[in-house]
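There are 2 protein chains.
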Amino acid sequence: MTRSSSFPFELLKCDLSTAARRGQLHLPHGIVQTPAFMPVGTQGTVKGLSIDQVVATGAEILLGNTYHLALRPGSDLIAELGGLHRFMGWDRPILTDSGGFQIFSLGDMNRVTEDGATFKSHLDGSTIHLRPEDSIRIQEELGSDIAMVLDHVIALPNSIEALRDAMDRSIRWAARCKEAAVRTDQAKFAIVQGGLDPELRCQCAAKLIEIGFDGYAIGGLSVGEPPEEMYRILDVAAPALPVDQPRYLMGVGRPIDLVEGIARGVDMFDCVMPTRNGRNALAFTANGPLRMRNQCHARDPNPIEADCPCLACRHSRAYIRHLFQADEMLGPTLLSIHNLTFYQRLMQQARTAIENGTFASFLAEHRLRLSGNIS
Amino acid sequence: MTRSSSFPFELLKCDLSTAARRGQLHLPHGIVQTPAFMPVGTQGTVKGLSIDQVVATGAEILLGNTYHLALRPGSDLIAELGGLHRFMGWDRPILTDSGGFQIFSLGDMNRVTEDGATFKSHLDGSTIHLRPEDSIRIQEELGSDIAMVLDHVIALPNSIEALRDAMDRSIRWAARCKEAAVRTDQAKFAIVQGGLDPELRCQCAAKLIEIGFDGYAIGGLSVGEPPEEMYRILDVAAPALPVDQPRYLMGVGRPIDLVEGIARGVDMFDCVMPTRNGRNALAFTANGPLRMRNQCHARDPNPIEADCPCLACRHSRAYIRHLFQADEMLGPTLLSIHNLTFYQRLMQQARTAIENGTFASFLAEHRLRLSGNIS
Numbered sequence: 001m002t003r004s005s006s007f008p009f010e011l012l013k014c015d016l017s018t019a020a021r022r023g024q025l026h027l028p029h030g031i032v033q034t035p036a037f038m039p040v041g042t043q044g045t046v047k048g049l050s051i052d053q054v055v056a057t058g059a060e061i062l063l064g065n066t067y068h069l070a071l072r073p074g075s076d077l078i079a080e081l082g083g084l085h086r087f088m089g090w091d092r093p094i095l096t097d098s099g100g101f102q103i104f105s106l107g108d109m110n111r112v113t114e115d116g117a118t119f120k121s122h123l124d125g126s127t128i129h130l131r132p133e134d135s136i137r138i139q140e141e142l143g144s145d146i147a148m149v150l151d152h153v154i155a156l157p158n159s160i161e162a163l164r165d166a167m168d169r170s171i172r173w174a175a176r177c178k179e180a181a182v183r184t185d186q187a188k189f190a191i192v193q194g195g196l197d198p199e200l201r202c203q204c205a206a207k208l209i210e211i212g213f214d215g216y217a218i219g220g221l222s223v224g225e226p227p228e229e230m231y232r233i234l235d236v237a238a239p240a241l242p243v244d245q246p247r248y249l250m251g252v253g254r255p256i257d258l259v260e261g262i263a264r265g266v267d268m269f270d271c272v273m274p275t276r277n278g279r280n281a282l283a284f285t286a287n288g289p290l291r292m293r294n295q296c297h298a299r300d301p302n303p304i305e306a307d308c309p310c311l312a313c314r315h316s317r318a319y320i321r322h323l324f325q326a327d328e329m330l331g332p333t334l335l336s337i338h339n340l341t342f343y344q345r346l347m348q349q350a351r352t353a354i355e356n357g358t359f360a361s362f363l364a365e366h367r368l369r370l371s372g373n374i375s
Numbered sequence: 001m002t003r004s005s006s007f008p009f010e011l012l013k014c015d016l017s018t019a020a021r022r023g024q025l026h027l028p029h030g031i032v033q034t035p036a037f038m039p040v041g042t043q044g045t046v047k048g049l050s051i052d053q054v055v056a057t058g059a060e061i062l063l064g065n066t067y068h069l070a071l072r073p074g075s076d077l078i079a080e081l082g083g084l085h086r087f088m089g090w091d092r093p094i095l096t097d098s099g100g101f102q103i104f105s106l107g108d109m110n111r112v113t114e115d116g117a118t119f120k121s122h123l124d125g126s127t128i129h130l131r132p133e134d135s136i137r138i139q140e141e142l143g144s145d146i147a148m149v150l151d152h153v154i155a156l157p158n159s160i161e162a163l164r165d166a167m168d169r170s171i172r173w174a175a176r177c178k179e180a181a182v183r184t185d186q187a188k189f190a191i192v193q194g195g196l197d198p199e200l201r202c203q204c205a206a207k208l209i210e211i212g213f214d215g216y217a218i219g220g221l222s223v224g225e226p227p228e229e230m231y232r233i234l235d236v237a238a239p240a241l242p243v244d245q246p247r248y249l250m251g252v253g254r255p256i257d258l259v260e261g262i263a264r265g266v267d268m269f270d271c272v273m274p275t276r277n278g279r280n281a282l283a284f285t286a287n288g289p290l291r292m293r294n295q296c297h298a299r300d301p302n303p304i305e306a307d308c309p310c311l312a313c314r315h316s317r318a319y320i321r322h323l324f325q326a327d328e329m330l331g332p333t334l335l336s337i338h339n340l341t342f343y344q345r346l347m348q349q350a351r352t353a354i355e356n357g358t359f360a361s362f363l364a365e366h367r368l369r370l371s372g373n374i375s
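Chains as they are written, first to last, in my numbering: chain A, 1 to 375; chain B, 1 to 375.
One should not assume that every hint holds.
Chain A is nowhere near these chain B residues, computed Cβ spacing over 10 Å in every case [as the list claims (entries may be wrong)]: (1) 92; (2) 308; (3) 328; (4) 334.
Pair by pair, the computed Cβ-Cβ distance ranges are [said to hold, decoys possible]: (5) 55(A) <-> 365(B): 55 to 63 Å; (6) 79(B) <-> 236(A): 26 to 34 Å; (7) 79(B) <-> 55(A): 35 to 43 Å.
Stretch-level coverage of chain A by chain B, calculated; a stretch enters the list once three of its residues show a Cβ under 8 Å from a Cβ in chain B [to be verified]: (8) 40-46; (9) 297-308; (10) 332-338.
These are computed hints drawn from the structure, not numbers from a lab.
The beta carbon of each residue, even a glycine, is placed where N, CA and C say it ideally should be.
With the hints as constraints, model all of the structure from the sequences given.
Structure follows, in structure tokens:
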């Protein structure tokens, strides 16, 4: 820890053969062991799980979605009820995104000007104008431990001019976000944009660092580009960020992407894959995914993973398959629990490997095991 | 306990001013405190709840549906996997119904002959013939603690001739069920039919007692008749049953119906109301039901019931409403947990009232409080 901060990031160990790091991020609602995976709680709930069940997966920090919560039930209502932690009954750290990505992916007819983004709500079609200052105000009302700056997300591939324009705007918006911040008990993270262009990524990182934030995210990846392209950007973007501050790869990803991200120096991840795939009957395992509706599981007395401590793995594969065949809610719930547990165990194994100086072989093993996973 | 039985029913206390009884039913997978409410686990799961969550509601015995489990995944598969307890991960008592009511209510084109019932599966339209002997074989494969005899259920109102015909057939089928029984570690309960005719009910009870069973159910009620009609039948049917054996009122009902049933000497109940209503955003409370989608709950920081220990009541009404407005799975799960906890607490309060000799005032209070509940 070389930089004074209200949200200290302690680097406990750095791997010698890769850029992997083992750290601890100190936040108002607790300490997060990194590398960390954040389950997504879009609407104030990790879909299908009670808070007890989320805790049991090993999660130490959740992600909440500013876009969704601002539209319903409203950040004013959540603030009135004591903030997002109290509202959803989770007393550990929360990171809220800024809404930038959801405006891009969900909002109809989104139109971006220098002032902010105008979009139609996916709920009722009403027109909403969101400025960087609004995003910060909403996130301060939600009371998350980490707020993200509002960024201008554009589709990939795109022209270098469009990428640069969106990136420059994102940087100006980041500065406005920092300026708008009032709460001192909420970390503010900036987002490095620049598409698949290494030079833009480095320029963006440098300018954001100059403004100064409590942590840095790498955004706009895992939006359809081949994984190798994403890794190539991480190879340049991660080293461009301060070594003594947390790095967060947004919206990524498959188990192998997490391992590859850690190898490149990423500390934090979030993704809907474990829960979304769980709801669709796909179970992650150390040997690749299983489609639990498959007939081959119909009479299988074994659990999904014999060494997994989760609630789903107290049951047979036959039972899990039956729940999906019978369209029972417990099926999606149990597989979401299993998949989140799988992701948390993968993070725990990565942390242990970094601590023990065995991350290089951990990486090699997972490249073998997890290649060919669902894309 | 005056009768020797493999499944002893201990009468601990009888109320002096009503017919209410406090007992303990000894079954292969444990002891059930009566009066008892059995949550319904139709397809090998109490809809939306993990087994841990079912245990936390206070339930000591579950109901499983022979009709559903026989069609999917099949009783042979469940037997191969070690029986229904192991399949669903519940190691306490289970009662399975016989399929009679589901054939009546779900099967297309059901046709009953003396041999058995022929119906079309609601899943794939295939024609299935179920004899009393098949129902017992299936329930023995499932391995429940209590099996119900197959009965011939008919619609109400109906002619006295049709009622008598179905009742007589149900009695003959009950005798065939007893004859077909092989397992000695499974109690067999008979079902008293006879519609809304007190005389038929008494005749049916007498004939079933003559054959001899481990317990007796009162069936064919709560199928649309006014509650007073049901209470009137209970007034004659319950006293017609052996005092030293358990009495089970099938498929009933509203909280007030449970209290009225206990007052008439019923020991066991099952009903889908707590879970089905929970999924539809209705919360039971001691002061009547709450519709949780209602706007009046939008900013309410209070729990559904302040003194309720359930998972849902750790949250505000505002949060529960938000979950339903946002169509989140956790809403139905939390309200199912709350409603099952409400039913179990009501049973616990009734048991305590009988023990303390205060059941008469408990009954009077609940007649005041719960009248006007949803019908």
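### Message
Run through the hints listed earlier and report the numbers of any the structure violates, in increasing order.
### Response
Going through the list in order, the structure violates hints 3, 4, 5, 6 and respects the others.
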